[in-house]
Amino acid sequence: MSSKLGPDFVAGVLINLGQQSFRYDDRLFVMPADRLWSPSSQAQVVGPAHHRPGG
4 MSSKLGPDFV
14 AGVLINLGQQ
24 SFRYDDRLFV
34 MPADRLWSPS
44 SQAQVVGPAH
54 HRPGG
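In this text, residue positions in the sequence shown follow our numbering: the first is 4, and each later residue adds one.
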């Protein structure tokens, strides 16, 4: 989607049932669904690559 929208693409978030939040790629993030209801001070984003599927 980011390549299609170009500079108009600000960021994307994939909501899943996993346990960790992480940066998937430039301006793309993965976040567990339960984090929608938890305080942001508990949320931790880990770096890309080592949590990327197949990476």
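In short, the hints are calculated from the structure, not lab data. These numbers come from a predicted model, not from an experiment. Virtual Cβ for every residue (Gly too), placed ideally from N, Cα, C. Hints are supplied without guarantee of correctness; some may be wrong.
If you anchor each label on the Cβ, the simulated ranges turn out as follows [said to hold, decoys possible]:
1. 13 - 36: 27 to 33 Å
2. 13 - 39: 15 to 21 Å
3. 4 - 38: 18 to 24 Å
4. 39 - 4: 28 to 34 Å
5. 40 - 7: 29 to 35 Å
6. 9 - 36: 17 to 23 Å
7. 11 - 40: 16 to 22 Å
8. 32 - 7: 16 to 22 Å
Check each numbered hint against the structure and report the violated ones by number, ascending.
As far as the earlier hints go, 1, 4, 6, 7 are violated by this structure, in ascending order.
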